[in-house]
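Chemist: Residue strings, one per chain:
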Amino acid sequence: MAQAARSVTSPPTAAAENNLQPFFVLHKAAPPRKPTGKTRRRIDLSPQKADSTVQVLDDNFRFESFNLLWCKIDCTMRNVLREINACVFEEIDRWVRESFEAIRACGVPNLARATRPHPIFNRAETAASRQLFTAILLTKNVEFVDDVLTFVDLGVHLRSSGCHVAQLTSLDFSAKNGVGGCLKTLLRQFLTVGIDAPDISILASWYTEQGNYESPLVVIIDDVQRCCGSVLSDFIIMLREWVIKIPIILIVGVATLDALRNTLASNALQCLFPRGFTLGTPAERMDAIVEAVLLKHYHGFSIGKQVTTFLRNFFLRHDGTLTSFIRALKIVMVQHLLVEPVSFALVGLINEEDTKSFGGENTLLRETMVKRCLDLPSFQRSSRSNRNGDIWDCGLSELKRFRKLWVCMAMCLYEVGKNYKITLLDLYCEMLEPQLLNSGTPCHFELEKDDHSLFGGLQKGGFVNQIIQIVRGLPAVELCELLKSWETLTRSITKINEKVKELQSLTTFDENRPRRDLTETSKRHTAKSNVNGKRDGSTINEKVATFVDCTIRRYMQPIESIPFNEIVFFDNVDKLRTALIGDPRRRIQADLLESHKFLKCSCCSKNGSMPSPSMHDTSILYTLTQEHGDLINLHDWFQSFKSIISHPGSKAKQRLRLSPSPKKRKGSIEPRNRSDASIQAEFCRAITELQIIGLIRMPSKRRPDYLQRVAFGL
Amino acid sequence: MESNDVEEEEFEFSRNYFLAKELGTSSKKSACKLSDINIVDEQELRDAYANLGPKHEKEINDLMNSYKKSYSEWVFILRCGFGLLMYGFGSKKFLIEDFASSALTDYSVVVINGYLQQIHLKQVVITLAELLWDQLKMHGKTTWENVPKNQPFNTKSMDDLIAFLDGPHLEDKECFVCVVVHNIDGPSLRDSDTQQYLARIAACSHIRVVASIDHVNAPLLWDKKMVHTQFNWYWLHVPTFAPYNIEGTFFPLILAHSGSAQTVKTASIVLQSLTPNAQSVFKVVAEHQLAHPNEEGMPLNNLYTFCRERFLVSSQITLNAHLTEFKDHELVKTRRNPDGQDCIYIPLTSEALEKLVQEIIH
Chain A
1 MAQAARSVTS PPTAAAENNL QPFFVLHKAA PPRKPTGKTR RRIDLSPQKA
51 DSTVQVLDDN FRFESFNLLW CKIDCTMRNV LREINACVFE EIDRWVRESF
101 EAIRACGVPN LARATRPHPI FNRAETAASR QLFTAILLTK NVEFVDDVLT
151 FVDLGVHLRS SGCHVAQLTS LDFSAKNGVG GCLKTLLRQF LTVGIDAPDI
201 SILASWYTEQ GNYESPLVVI IDDVQRCCGS VLSDFIIMLR EWVIKIPIIL
251 IVGVATLDAL RNTLASNALQ CLFPRGFTLG TPAERMDAIV EAVLLKHYHG
301 FSIGKQVTTF LRNFFLRHDG TLTSFIRALK IVMVQHLLVE PVSFALVGLI
351 NEEDTKSFGG ENTLLRETMV KRCLDLPSFQ RSSRSNRNGD IWDCGLSELK
401 RFRKLWVCMA MCLYEVGKNY KITLLDLYCE MLEPQLLNSG TPCHFELEKD
451 DHSLFGGLQK GGFVNQIIQI VRGLPAVELC ELLKSWETLT RSITKINEKV
501 KELQSLTTFD ENRPRRDLTE TSKRHTAKSN VNGKRDGSTI NEKVATFVDC
551 TIRRYMQPIE SIPFNEIVFF DNVDKLRTAL IGDPRRRIQA DLLESHKFLK
601 CSCCSKNGSM PSPSMHDTSI LYTLTQEHGD LINLHDWFQS FKSIISHPGS
651 KAKQRLRLSP SPKKRKGSIE PRNRSDASIQ AEFCRAITEL QIIGLIRMPS
701 KRRPDYLQRV AFGL
Chain B
1 MESNDVEEEE FEFSRNYFLA KELGTSSKKS ACKLSDINIV DEQELRDAYA
51 NLGPKHEKEI NDLMNSYKKS YSEWVFILRC GFGLLMYGFG SKKFLIEDFA
101 SSALTDYSVV VINGYLQQIH LKQVVITLAE LLWDQLKMHG KTTWENVPKN
151 QPFNTKSMDD LIAFLDGPHL EDKECFVCVV VHNIDGPSLR DSDTQQYLAR
201 IAACSHIRVV ASIDHVNAPL LWDKKMVHTQ FNWYWLHVPT FAPYNIEGTF
251 FPLILAHSGS AQTVKTASIV LQSLTPNAQS VFKVVAEHQL AHPNEEGMPL
301 NNLYTFCRER FLVSSQITLN AHLTEFKDHE LVKTRRNPDG QDCIYIPLTS
351 EALEKLVQEI IH
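Residue numbers (the UniProt record's numbering), protein chains in the order written: chain A, 1 to 714; chain B, 1 to 362.
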């Protein structure tokens, strides 16, 4: 602590030298120790008793749990995304083959011709020799980040089917490096060696020498909009000239066709022989991910309503990328493991066959875990009196059973909503509502003013209620289809499955009857039987709706009410938000305006909003800026700063504070001057600090006496 | 209903802005001049500045210490593959270095001082590669395919180096070099090329980044690809309220006259970051100025001949390159002497210049 005190104010000389180095090695890695557990434990410096439990539960075990859990989720997500793209990828693959055949049909140059360092111009001008086969992959997405992985996957897919693939990004097409830059990357990827003087003829000779004539060369450019248009145009024109020698096939990712037209020069556009392909929309992908990660494959943890709503709103209103959603899930996972000591049991939970697997042979760990679980508030509420081991195993299996039911019901509801443009994410948020259906009123999402509308509500009307209404009005054929799919969905849960089957038998009877009626009775009765059919149909619909209503009430309990829910349940939205978004603009201002909250001193908080002389200088100065307009007169500002700093009431305190500094003691012979100099120095320092954090702009030559405010309001 | 709220908020924001604008124009008329303040002598101001004590020293230390209990959490987050981004008011330099030296002992740590004016990222990457090489050797892994051993790292291209840092050398995800970047939004790292390189480095499998930002608009440096997939930031709000002693060195004091804002300290720092030849050229000018204190400076032609004789420059172009660099950092200025020659001089007093020359020699 003493060292900290010293270093904050005056760094030791060795460090001072390092401070002026552009970079330096702080220390090298300690040699690896075998029992890694010890190393971790050393890190935990906190002396508090509460933390000692965390010490016992080794950090390494926490990390292992994280790796295991996250690997599973990551794997699932990647598979889902790959499946979504599989069709398009197949299609592209086929097209690449066709294009390659078309190019080859123009004739294969012999070795001597092919290695000459200039392109071949074919006299018999066919489309293949004039133009460059180009797949335009429409991402239909404003944000490109989601598609990075898609293009990587596409590359892998094409490589596996025998193409040579090079993947270029928009960074390779910069005006600074010109065509040479992208050619360099291209050669680097195809030839797998760095070449200082890039030339396309090198690629041509490589292609012939390697005898790679059987496979096409595919060049993937992932984000055309952000490429430098002229460089890309030149690149395309160059490739076109060489297309016979080097059968290059281009795949470009672009949001819309218009964007492509805007980026490329018209003569480059004419070089392309395009074919369009379309990727899935972000919303579709989102639903697939939510379905896979949060519902179908059980990954052991569930997020609460607040977190889900936050994520939904963040996706829809702020960020719009799936990547950030996935990242947020990862952060949730990390935080859950950090915050909740019993969360390690998750590992045991997801290993179906082995409920005792957590901790493995480490019985001490298991015991501590069980002990801690018994202290969980959720367990205490449920007040059961069993033997410890039983409680534990029962608790876990109960959690699993509950989860299974809940997921099953959710999937059934989504099955209905899917065809009526209800997204899974919306539905999921609503289903987490603790008083789902009980209140009778449609679910509403509380609005908190300072939350930047990230908690803002879904549309009113309640998706679950809407779904029940849909079921009521469903035509017989669709109802029948629905029940059929429910039957498959609920197969693992006998109770519900039986009821679904019962309903199914009713509809099949109902479905067959009108037909029988039609065949067996005369046409005169048709009208009557139709009325009957309608009535029966509506009663069936009513029955199904009641069934839905009842099962929701019965089985979709909020997870918060289940014992041991703390193991899997995370709903700390504030923690997630600070880690995910940060918001420095607001936070840094708040730091300054409410410095006493962080410093927890007794002297500053008394005056309320008025700055007191004991406050941090920069805090005082920034508080003062709030009274100014967008321009701050330096003179006025200094005068008010001075008057606050040298406030008569606090002069004694001030002197006391300044006295430890040797300089101040020396200067006390001429108090007037010293105080002027130090006040001005303090003022300068505060302004420099405001400048570093970017809250003011310095005086310009035109307005030497004014500073400019940058931020207005939090 | 909630859309109303958003509108309301936006309205509130713009109203604040226009209110501030209005206030600005009305108060303009009764404006006072900066010169009305009785500014103390510059040297006195600088002395006072250098000796300023911090307020709330105890509370600031308590605050710093309160973060210590989160160190193990931060290590865990790093190990999970995130980059730590620390923000909040106050210098975070000490905090991060303390964290690195007490909790990251298992990993090599390289510190980049982003608040300095000039940083050669390539050098940093070479050091990182060397450290990783050592670390891999320690793990008993000495052979791998894609790294030709005979080629030293400093002759490799940036792409090769980054490929090495990103290589799947070990199954164990635990082998990484930690890069601490103070002020990743600092003046030398602010351009987009550097940020792209930093992002690529951060995305490497054997690298983890701990960085700090101070500027409120720092996130504007990054696009979503960088934030989400490369840096993979985990934001940590850690206000320290510690003074920006080192970070503020390069900012001129607002009450000191801008003409003589250049101090020996800042000049020597800039000089130290230049090549030895450039330093020698500067020394030539300085020595000339010290020897002829009453002249306008060293005539350009003389400087060229002198430097050429000593093999400091090979052509006028190289000399001009050095001079441009000096001028950019306001180390030298030009003026004409009575003969009409362009003269180079250093805008410092003789004492300060002597001190500066001494400092460059060491």
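One or more hints might be untrue.
Quick partial rundown of chain B residues pointing at chain A, CB under 8 Å, derived from the structure [as the list claims (entries may be wrong)]:
| no. | residue |
| --- | --- |
| 1 | N16 |
| 2 | V110 |
| 3 | H120 |
| 4 | V124 |
| 5 | F153 |
| 6 | I162 |
| 7 | D166 |
| 8 | Y197 |
| 9 | W222 |
| 10 | W235 |
| 11 | I254 |
| 12 | E287 |
| 13 | F306 |
None of these hints come from the bench; they were simulated from the model. Ideal Cβ positions, reconstructed from N, Cα and C, are used throughout, including at glycine.
Chemist: Next, verify each hint and record whether it holds.
Modeler: Here is what the structure says about each hint:
no., hint, verdict
1, N16, "4 Å, holds"
2, V110, "6 Å, holds"
3, H120, "7 Å, holds"
4, V124, "5 Å, holds"
5, F153, "14 Å, violated"
6, I162, "12 Å, violated"
7, D166, "14 Å, violated"
8, Y197, "10 Å, violated"
9, W222, "11 Å, violated"
10, W235, "3 Å, holds"
11, I254, "5 Å, holds"
12, E287, "24 Å, violated"
13, F306, "29 Å, violated"
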